[in-house]
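A.B. asks: If you're matching them up, the sequences are chains A and B in order.
Residue numbering for the first sequence follows this note's numbering, starting at 89 and increasing by one per position.
Residue numbering for the second sequence follows this note's numbering, starting at 41 and increasing by one per position.
Check each hint, because a few of them may be wrong.
[Said to hold, decoys possible] Covered by chain A, according to a simulated footprint, are these stretches of chain B (three or more residues, beta-carbon under 8 Å):
no., segment
1, 194-206
2, 325-333
3, 395-408
4, 839-851
[To be verified] Quick list of simulated restraints, FRET-style, between CB atoms:
no., chain 1, residue 1, chain 2, residue 2, range
5, A, Asn391, B, Asp433, 19 to 29 Å
6, A, Arg202, B, Pro178, 53 to 63 Å
7, B, Pro178, A, Tyr126, 28 to 38 Å
8, A, Gln393, B, Trp407, 50 to 60 Å
9, B, Gly386, A, Leu519, 40 to 50 Å
[Said to hold, decoys possible] Here are the simulated EDC-like pairs of lysine to aspartate or glutamate, each with C-alpha atoms no more than 20 Å apart in a straight line:
no., chain 1, residue 1, chain 2, residue 2
10, A, Lys561, B, Asp200
11, A, Lys367, B, Glu367
12, A, Lys314, B, Glu392
13, A, Lys390, B, Glu367
14, B, Lys709, B, Glu698
Since the hints were derived computationally from the structure, they do not count as laboratory data.
Glycine included, C-beta positions come from ideal geometry on N, C-alpha and C.
Here are the chains, one letter per residue:
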Amino acid sequence: MAIETLVLGAGQEVGKSCVVVTINAKRIMFDCGMHMGYLDHRRYPDFTRISPSRDLNSALSCIIITHFHLDHVGALAYFTEVLGYNGPVYMTYPTKALAPLMLEDYRKVMVDRRGEEELFSSDQIAECMKKVIAVDLRQTVQVEKDLQIRAYYAGHVIGAAMFYAKVGDAEMVYTGDYNMTPDRHLGAAQIDRLRLDLLITESTYATTIRDSRYAREREFLKAVHKCVSCGGKVLIPTFALGRAQELCILLEDYWERMNLKVPIYFSAGLTIQANAYYKMLIRWTRQKIKDTYSKHNAFDFKNVQKFERSMIDAPGPCVLFATPGMLSGGFSVEVFKHWAVSENNLVSLPGYCVPGTIGHKLMSDKHDKVDLDPNTKIDVRCQIHQLAFSPHTDSKGIMDLVNFLSPKHVILVHGEKHKMASLKEKIHSELGIQCYDPANNETVTIPSANYVYAETSDTFIRSCLSPNFTFQKCSSVDLCNSTTVDRNLMPELQVEDERVAEGVLVLEKGKKAKIVHQDELLLMLEEQKHDA
Amino acid sequence: MAEQNDTSEQPLSLRTLCTMRSLLLHPSTPQHTVSSILETLARSPSHHALKLLSDAAALRPDLALSPPLLPSPQRLAVEALAISLTRLNLDDTRFASLCFGASVPVRAWMLRNAGAEFEVRHGLLLGVLLGFTKDPFPHVRASALEGLVGFCERGGESKDVGLVDACYRRAVRLLRDVDPSVRFSAVRVVASWGLMLAASNSDMKAYWSNDIFAKLCSMARDMNMKVRVEAFSGLRKMEMVSEDLLLQSLSKRVSGHGKQKETLGQRTSEQFVMLATNVAGALVHGLEDEFFEVRKSVCESLRTLTSLSSEFARKALDSLMDVLNDESEVVRLQSLETLHHMAINGRLKLLEKHLHMFLGALVDNNWDVRYTDRKILKVVKLNYLTLFKSSVDSLLGSLDSYPQDEADVFSTFSHLGRNHKKFVSLIIKDMFEEVETALEGNVEFNSARIAALLILSISAALLNADVGRIPPVMFSYAVTFLGRIYNAFSDIMDRDALLACLCEKSRSTEYSATNINPGEGEQQFPLFEGDAPNFASNEVIGSKIDSHITREQKEVANDQVEQQQSVYNEVTNLINYILAKLPDMWPRIQSGHTNEVLRSLRCLKELTTMKFDSLGSGDADALAFTLLYLRIIELLAEVWNNLLPAKGLCYQGIGKLEFKLGKLDRRVKELMSRFIGFSAEEELNVLELMLLTYTLRISKEEISCINHTLKRLSSLYLRVESILKESSALPSNFLVELGKVLSSTSINGASCSPLQFEACLKFFSLKQFVFHGPIKHVKAELSVPNIDFEHPLPFVSGLPVGIQCEITLHNILSESRLWLRMTLDDGFIQYFFLDLDCSEGSEEVRKCTFVAPFYRTAEADCLILKVCIGSECLFENVSPVQRFGGPKRELVLLCNEKQVYLSKVSKA
């Protein structure tokens with residue numbers, strides 16, 4: 089039996105994650121994302137490759153969505169409503185709650201602001217969500233006979249999950265995006281030690297090794313504290329979900345400890361509403377928040393107030409979380425225009441900024457003059473603080489996960505080409521695991537475990553139940569070429585338990601395979617001789 | 041019961057077991073019921089039954105649990121349990137048969153408890169445990185591993201290195217087990233057995249320690265929280281780890297081979313390459329773990345690890361500082377505790393970049409955090425002035441935010457000042473100005489802040505004679521805050537001593553900043569009769585002193601007497617200053633405030649020593665004199681306490697009093713004969729003390745033989761009289777009264793009345809010893825070369841043995857009569873006269889080598905002889921304590937007793 093992996097998106101790139109895995113005629117589509125960088129046909133995966141007959145319902149057993157980011161869920165409404173897929177879609181409860189919000193938000197931006205042709209309507213989003221079956225963490229779902237899936241906590245964003253799938257004896261895990269280090273509001277990825285044939289993992293930071301999260305937090309707090317204690321204003325442009333909550337928890341905690349009274353504002357829009365979601369989805373956050381929420385819900389921000397447009401020019405220090413992130417337009421840019429001109433103020437950019445945004449320009453070396461549009465130039469005098477926060481695991485984390493799971497094969501997706509190649513080499517050389525980094529629309533086929541079921545004799549069962557270990561002295565020859573040999577001159581004491589090895593597999597014509605105890609075998613042979 | 045016997049093949053229901061349990065534990069259950077219950081249980085294979093039996097055995101030791109009825113393994117299991125719980129030896133074969141029996145729960149139970157509970161032959165026990173680590177059942181594997189841990193924790197040791205090695209390797213393999221509970225136990229075995237393995241071979245210890253460290257670190261990314269906690273707590277036991285591995289555990293990036301130091305040797309660096317990926321960043325991962333249990337465990341382990349390498353401590357500090365931002369209070373506190381531990385070990389090297397976090401904790405909302413942070417500040421050594429300044433500023437800031445912390449903040453300032461004298465002197469100017477403006481101007485001032493600044497300023501110089509650049513007036517200011525600040529110094533001196541110290545310092549004129557040149561000694565240190573602080577009521581007098589001090593300061597400043605001040609003057613002034621305090625204490629001694637006086641005296645002694653230390657030039661003779669004098673007053677105070685009518689002289693007290701009086705007697709004699717160069721006035725003072733001592737002895741007639749003491753007293757009195765005549769000084773009341781009593785008492789003592797002498801005591805008052813000139817300390821140094829405990833001097837019993845003594849004598853007058861005293865354990869004393877003519881050198885220092893014969897070499901394998909040098913008390917003209925061939929007068933010892941080891945020459 090083989091596992092066939094067709095990479096429709098996020099192969100040697102970041103965006104439109106979509107992988108179709110075929111095991112023993114079962115086909116699972118992991119993620120159904122869109123690429124934010126393209127506006128033409130390239131923004132969706134090439135779904136035609138799934139089935140030449142275009143009959144998606146018979147071609148796919150199910151769709152699994154790992155989390156609500158658009159590059160993982162963006163094409164779902166299109167796929168179900170426009171292309172007409174009617175099969176089951178699995179995602180976690182928080183993803184089911186938040187994905188329609190993201191899709192709707194995106195639709196609005198596309199249609200209302202940019203005036204593009206809409207790819208799917210609000211109704212279609214609602215229809216699409218009706219097909220979704222929500223799953224819980226570590227809940228095993230029997231999708232079809234012989235197909236089981238199970239979700240594991242992945243960190244990254246609220247509700248993100250890694251999915252385990254088992255078809256027959258073949259087992260695999262698709263990680264989606266995950267984070268191996270916890271942040272202030274989400275925990276670290278958690279999974280059991282499984283016997284996997286295949287692990288498909290993201291590799292956004294295939295070569296980066298990040299230093300301690302503490303150091304980043306310290307720098308952030310120091311910069312913010314310094315700015316507000318000098319009477320300055322701090323602008324933190326973020327997207328509604330995730331980073332805003334994380335940083336706000338961090339600031340709240342610090343404010344609390346240091347008895348600071350400077351106001352923290354959330355700009356109107358998604359953010360306050362998002363906090364309400366977080367409050368409901370407390371079970372998907374990190375341990376500390378889960379432990380203490382009955383006393384104090386960490387998302388009940390004491391110091392946070394709503395920000396009004398009129399407050400932009402109000403005097404006095406403050407901290408403002410404003411959407412959207414990366415200073416890509418909207419309210420955050422509006423505030424930026426007002427605040428950037430004073431050297432007392434601080435703009436803190438948490439995480440990556442896409443080229444073309446003001447955030448990206450600020451992060452580059454020359455940022456004293458920024459062109460908003462051909463008519464507006466801003467003289468940037470404020471301090472810029474860049475934060476290397478990221479909800480993705482770094483290369484060390486990927487290696488650690490691969491090492492922990494020790495699968496037979498690894499496929500890398502969701503990363504940059506040359507970096508993936510280097511990580512692939514590393515996994516192969518350091519862990520000795522076969523690794524692949526297919527490009528989009530390529531298929532990787534790997535063999536999988538196939539167990540033969542055999543009957544067993546009673547004697548063998550009995551012998552298996554009773555312990556039967558022996559000790560052996562053997563000198564380990566394989567280490568003798570090392571200079572550390574002197575310790576190996578002494579024979580090593582090893583313990584062996586032979587009880588399973590005492591079984592003998594007997595395959596007779598026309599009969600099922602059977603395992604008998606070695607002592608029985610002689611008897612059987614004698615019997616046969618006798619019969620003959 | 042019959043029913044149960046019938047169904048014994050089926051497991052007993054929990055309900056039945058409960059009933060059985062109550063029956064078993066009830067003391068009045070008939071014996072036959074108990075036996076049938078036991079029988080039933082014995083046939084039941086469930087581990088509930090085992091548990092019940094073990095409970096029963098523990099709670100009812102009187103139960104007879106051993107009738108062997110059935111030979112089945114279950115039967116044996118029960119029996120074995122019962123026996124083991126009564127702490128008897130478990131038969132090896134029974135143990136083995138239980139473990140290999142068909143019941144898996146029994147097996148697991150046995151294995152888990154085997155290591156810690158049973159007295160089975162180690163070889164067998166470990167063999168069985170090791171074997172079962174290969175079991176297909178995860179919980180049996182885990183139990184076997186736990187058994188191994190239990191064995192280790194009980195202090196078990198295996199001599200078989202091969203076996204230890206095998207256990208360790210097996211556990212290392214099981215670190216990658218599928219089952220978390222097996223991994224958990226495997227981590228524990230790796231930590232405990234690994235250390236055993238490392239200890240078994242000192243050559244390989246470093247190698248194995250590194251290996252254990254790496255194996256434990258490799259579990260830092262395990263997905264199970266308990267496994268991670270256990271892995272990090274395992275690190276706590278590490279005794280050595282190579283520095284490069286330690287550093288690697290703080291960095292997620294694997295450092296390349298090229299960076300290896302040449303000196304590490306090939307083996308270590310090869311090992312490093314092998315282990316580095318396992319170790320990389322393990323501690324960082326641990327510190328940013330999702331679970332506080334893990335983070336706390338890492339912080340705790342860092343205590344041990346930072347003590348292994350200073351370079352590592354330096355790097356780990358960065359991480360630990362970041363932990364101060366942790367969301368969990370427990371973790372923040374633990375990291376502070378670890379920092380404190382590092383500070384105590386001198387491993388805490390704070391840098392500028394740490395300050396934001398470290399000092400931020402001073403204004404933390406949590407009291408414990410603030411307190412622990414200050415605890416660190418009290419002991420840490422700051423290396424840069426900027427660090428010191430920032431710390432001071434932050435502490436002052438925290439005082440504003442948390443006025444309730446004042447006491448501890450003050451105490452922190454006091455420690456901070458004492459630990460950083462140099463830095464204090466660098467910022468003293470600013471502090472002085474601030475205090476000055478605050479106290480003298482009419483501006484509203486923050487008194488807590490001023491008090492804190494004062495503490496900081498004075499603390500540096502308090503224990504130091506050299507006040508450096510600290511303006512003396514600061515000490516005067518501090519006096520006005522005494523009530524508020526004295527607690528900050530409670531660890532080194534009490535309120536009285538602090539006041540004394542402050543008063544003294546405020547008179548100091550070493551303040552160079554105002555260009556006051558020191559004047560004549562007398563002017564600087566007026567022998568202030570009456571203004572020495574009253575030790576009872578500080579507050580009122582404190583302010584009086586204050587005004588006095590400021591006035592005096594101005595006078596001195598006006599004087600501007602330019603004169604070189606010799607060290608000698610300084611010493612004289614110092615001694616007189618100290619001795620001047622004593623007469624004021626006398627009324628308090630008389631009124632029974634002994635403890636208070638003793639405390640003040642102790643402080644004075646400390647002060648004296650410190651002052652002399654700081655003077656540097658080291659007039660050791662004067663120091664010896666002052667200390668001895670203080671000691672005498674101390675003894676006098678103690679003796680007087682016993683004489684007070686209120687206390688009475690209870691029967692048990694006599695021995696103690698006699699002892700103290702004996703001590704006082706010896707000390708006073710020492711004062712008289714071990715110092716030369718007294719002026720008449722000085723001698724008179726000493727003689728009066730001596731007379732007082734004798735009078736004390738006589739007044740307690742039970743204590744000594746009056747006649748002898750009376751003779752000595754009379755002869756001394758004659759000497760006093762002659763001095764008085766020559767010096768034209770007026771005799772004290774005490775002397776006058778004593779003279780009257782003596783004249784009415786016949787020398788043979790027949791009509792001597794102790795009561796009369798006791799009456800004289802009332803007239804005694806302590807006069808100030810006014811120290812005038814240089815005095816010399818008579819002392820001797822004695823050494824017996826080449827002989828010590830390991831190289832005793834050989835002797836043949838019955839024959840004399842010669843002990844070679846090298847002697848150095850200081851300030852010995854030529855008329856002195858010196859003796860070498862040799863004392864045996866049994867009290868036998870032999871004297872040997874030292875002829876000064878044989879010695880070389882001047883009066884000041886003489887050197888000589890004698891071979892002193894010791895005659896009484898007894899029949900013993902070894903002897904310990906105590907040898908020392910004594911001088912006859914020449915001032916005593918009393919009929920001598922005649923001993924054959926020995927000194928004619930009492931001896932005053934000039935050096936410490938020296939032990940000489942003798943051992944008999946063996947006949948071989």
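A.B. asks: Determine for every hint whether it applies to the structure shown.
C.D. replies: Results of checking the hints against the structure:
1. 194-206: holds (count 5)
2. 325-333: holds (count 7)
3. 395-408: Answer holds; 7 residues pass the 8 Å Cβ test.
4. 839-851: Violated, because only 0 residues of the segment 839-851 of chain B bring their Cβ atoms closer than 8 Å to Cβ atoms of chain A.
5. A/Asn391 to B/Asp433: 19 to 29 Å: Given range 19 to 29 Å: holds, Cβ gap about 26 Å.
6. A/Arg202 to B/Pro178: 53 to 63 Å: holds (58 Å)
7. B/Pro178 to A/Tyr126: 28 to 38 Å: violated (50 Å)
8. A/Gln393 to B/Trp407: 50 to 60 Å: Since glutamine 393 of chain A and tryptophan 407 of chain B have Cβ atoms about 29 Å apart, the given range 50 to 60 Å is violated.
9. B/Gly386 to A/Leu519: 40 to 50 Å: holds (42 Å)
10. A/Lys561 to B/Asp200: holds (14 Å)
11. A/Lys367 to B/Glu367: Holds, at about 18 Å.
12. A/Lys314 to B/Glu392: The given pair, whose Cα atoms are some 16 Å apart, holds under the 20 Å limit.
13. A/Lys390 to B/Glu367: holds (16 Å)
14. B/Lys709 to B/Glu698: holds (16 Å)
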